[in-house]
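A.B. asks: Sequence:
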Amino acid sequence: MANNFQNLADFLKAQAPTCVHKPDGELPYRFVTPSFGVTAGADDKADVSERSTTGHYLQMYDWDACFFSQVSPRLGLPALAPDVVRNFLALQENDGHIPRTVSPHRIWDKGDQAKPFLCQTLERHLKTAGKDDAEQAENILTDAVLTKLHLYLQYFEKNRRHDSGLYHWRNVLESGVDDNLALIYPTEAAKDENTDLGKFPDGEILAVDASAYIACEFEAFAALADRLGKQELHSEYQKKADGVKQLIEEKLWDKELNMYVGFYPVDKSYVRVRSWTGLTPVCMGIASPERAKLCIETNILSTEHFLRPFGLTSYAASERLYNNSPRGLYGRAMVSNWQGPAWILVSALVCRGLVSYGRSADAKEVAQGVLTSMRMDLEKNKTLHENYDAETGRPLWAPDFMSWNSLAIELVELMN
Numbered sequence: 063m064a065n066n067f068q069n070l071a072d073f074l075k076a077q078a079p080t081c082v083h084k085p086d087g088e089l090p091y092r093f094v095t096p097s098f099g100v101t102a103g104a105d106d107k108a109d110v111s112e113r114s115t116t117g118h119y120l121q122m123y124d125w126d127a128c129f130f131s132q133v134s135p136r137l138g139l140p141a142l143a144p145d146v147v148r149n150f151l152a153l154q155e156n157d158g159h160i161p162r163t164v165s166p167h168r169i170w171d172k173g174d175q176a177k178p179f180l181c182q183t184l185e186r187h188l189k190t191a192g193k194d195d196a197e198q199a200e201n202i203l204t205d206a207v208l209t210k211l212h213l214y215l216q217y218f219e220k221n222r223r224h225d226s227g228l229y230h231w232r233n234v235l236e237s238g239v240d241d242n243l244a245l246i247y248p249t250e251a252a253k254d255e256n257t258d259l260g261k262f263p264d265g266e267i268l269a270v271d272a273s274a275y276i277a278c279e280f281e282a283f284a285a286l287a288d289r290l291g292k293q294e295l296h297s298e299y300q301k302k303a304d305g306v307k308q309l310i311e312e313k314l315w316d317k318e319l320n321m322y323v324g325f326y327p328v329d330k331s332y333v334r335v336r337s338w339t340g341l342t343p344v345c346m347g348i349a350s351p352e353r354a355k356l357c358i359e360t361n362i363l364s365t366e367h368f369l370r371p372f373g374l375t376s377y378a379a380s381e382r383l384y385n386n387s388p389r390g391l392y393g394r395a396m397v398s399n400w401q402g403p404a405w406i407l408v409s410a411l412v413c414r415g416l417v418s419y420g421r422s423a424d425a426k427e428v429a430q431g432v433l434t435s436m437r438m439d440l441e442k443n444k445t446l447h448e449n450y451d452a453e454t455g456r457p458l459w460a461p462d463f464m465s466w467n468s469l470a471i472e473l474v475e476l477m478n
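Sequential numbering of the sequence shown, starting at 63, is according to the working numbering.
Be aware that one or more of the hints could be misleading.
Unchecked claim - Straight-line alpha carbon distances no greater than 25 Å define the calculated DMTMM-like cross-link-like pairs of lysine to aspartate or glutamate that follow: (1) Lys-292 / Glu-311; (2) Lys-330 / Asp-240; (3) Lys-317 / Glu-381; (4) Lys-210 / Glu-311; (5) Lys-220 / Asp-240; (6) Lys-301 / Glu-427; (7) Lys-301 / Glu-318; (8) Lys-444 / Asp-424; (9) Lys-302 / Asp-157; (10) Lys-172 / Glu-266; (11) Lys-261 / Glu-294; (12) Lys-313 / Glu-298; (13) Lys-189 / Asp-145; (14) Lys-301 / Glu-311; (15) Lys-75 / Asp-145; (16) Lys-313 / Asp-225; (17) Lys-261 / Glu-381; (18) Lys-330 / Glu-318; (19) Lys-442 / Glu-427; (20) Lys-330 / Glu-381; (21) Lys-302 / Asp-240; (22) Lys-292 / Glu-155.
No wet-lab data here; the hints were simulated from the structure.
Quick caveat: nothing in here was measured; it's all calculated off a predicted structure.
Given these sequences and hints, build the entire structure.
C.D. replies: Given below as structure tokens:
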């Protein structure tokens with residue numbers, strides 16, 4: 063079975079270098095694009111980016127770049143993570159804000175903050191750096207870098223933290239899950255009953271994913287502070303990480319769905335839908351063992367909800383709005399669809415979580431479906447896409463997509 067995916071692994075290794083670009087313009091270090099074989103920043107002067115027309119991503123995106131760089135050593139691209147992190151830090155504003163979409167000559171998606179993965183990406187690199195990289199690793203983490211990362215986290219605390227201690231996004235697009243119904247919050251109301259139907263509460267919902275990511279980012283920052291002997295800072299952020307984890311358990315667990323859900327503090331209601339982002343505490347390994355077991359067995363491994371023939375769904379198949387359309391809609395804008403299609407990111411993060419809870423056999427079962435979709439795409443179309451029909455394996459949108467598809471290398475190794 064493992065050999066069935068060797069061609070996929072070889073393809074990833076062959077194409078990954080074409081995602082890496084030399085320093086240019088506002089980006090002083092090597093940077094990466096989600097699409098392979100493209101000219102970075104070619105649409106910087108365009109009114110509409112190619113991501114909306116051809117599906118090609120010509121900029122560097124926050125979590126795309128972080129996840130790609132996390133596995134880049136497996137793809138023959140060592141020490142890429144520090145370059146990715148330092149590029150984002152180079153664009154930091156005085157208040158700590160870091161843009162999430164950057165290009166040599168333009169900042170895209172202005173106002174959105176880079177998602178909380180920079181500390182995790184750097185700490186992961188330092189933890190796994192080989193002996194040959196040890197001296198380089200020591201030079202990467204400096205007091206100046208730690209200060210910038212601290213300011214970055216303080217921006218989240220000032221601008222994305224609710225009084226409850228949980229976190230929200232600026233909007234659903236900042237979250238990266240463009241049309242996530244856990245943030246858009248579907249309602250049954252008819253138009254004449256509610257004149258606010260065109261308004262989305264995505265910037266107010268206390269989000270499972272935002273809170274889970276920030277808890278892990280705090281913990282990674284604590285580890286970085288410890289590496290530099292900053293014990294007070296280490297203790298402060300480890301305590302903050304533990305506090306957010308506890309709040310997730312106390313405030314966001316839904317005992318009927320057996321998974322985590324968002325909370326809308328304006329009307330004190332829970333967003334009771336099965337979106338993959340409600341699985342993120344399990345993905346990140348921070349859910350309590352008891353709740354992780356419930357979530358895994360009644361949701362992740364359920365063919366009724368998330369486990370479909372060609373990958374985990376991004377939105378449960380049991381939900382009434384589940385679909386496998388190539389594109390989604392946010393307001394009037396066409397965006398990537400996370401209301402059903404199988405994304406490699408979802409399966410890869412869930413598999414990381416399953417392995418962390420000692421469930422490698424289940425992780426292999428999850429990995430099989432999405433790897434099969436990718437293999438079929440490669441055999442038929444000689445490329446990879448960003449998402450797939452979870453029922454048929456049909457590629458949907460964004461050809462020549464690498465980004466977190468690179469995480470499939472972890473899944474292939476898992477199958478071995």
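A.B. asks: Would you mind marking each hint as holding or not holding in the structure?
C.D. replies: Outcome of the hint check:
1. Lys-292 / Glu-311: This hinted pair is violated, its Cα atoms lying about 29 Å apart.
2. Lys-330 / Asp-240: Measuring from Cα to Cα gives roughly 24 Å; hence the hint holds.
3. Lys-317 / Glu-381: 17 Å, holds
4. Lys-210 / Glu-311: 30 Å, violated
5. Lys-220 / Asp-240: At roughly 24 Å apart (the allowed maximum being 25 Å), Asp-240 and Lys-220 satisfy the hint.
6. Lys-301 / Glu-427: 36 Å, violated
7. Lys-301 / Glu-318: Outside the cut-off at roughly 30 Å; violated.
8. Lys-444 / Asp-424: 29 Å, violated
9. Lys-302 / Asp-157: Given pair Lys-302, Asp-157 holds - Cα atoms ~20 Å apart, limit 25 Å.
10. Lys-172 / Glu-266: 19 Å, holds
11. Lys-261 / Glu-294: Measuring from Cα to Cα gives roughly 43 Å; hence the hint is violated.
12. Lys-313 / Glu-298: Judged against 25 Å, a Cα distance of about 22 Å means the pair holds.
13. Lys-189 / Asp-145: 16 Å, holds
14. Lys-301 / Glu-311: Judged against 25 Å, a Cα distance of about 16 Å means the pair holds.
15. Lys-75 / Asp-145: Roughly 19 Å separates the two Cα atoms, so the pair holds.
16. Lys-313 / Asp-225: Satisfied, since the Cα-Cα distance of roughly 13 Å is no more than 25 Å.
17. Lys-261 / Glu-381: 22 Å, holds
18. Lys-330 / Glu-318: Satisfied, since the Cα-Cα distance of roughly 18 Å is no more than 25 Å.
19. Lys-442 / Glu-427: At roughly 24 Å apart (the allowed maximum being 25 Å), Glu-427 and Lys-442 satisfy the hint.
20. Lys-330 / Glu-381: 22 Å, holds
21. Lys-302 / Asp-240: 28 Å, violated
22. Lys-292 / Glu-155: With Cα atoms ~24 Å apart, Lys-292 and Glu-155 stay inside 25 Å; holds.
Of the numbered hints stated above, those contradicted by the structure are hints 1, 4, 6, 7, 8, 11 and 21, listed in ascending order.
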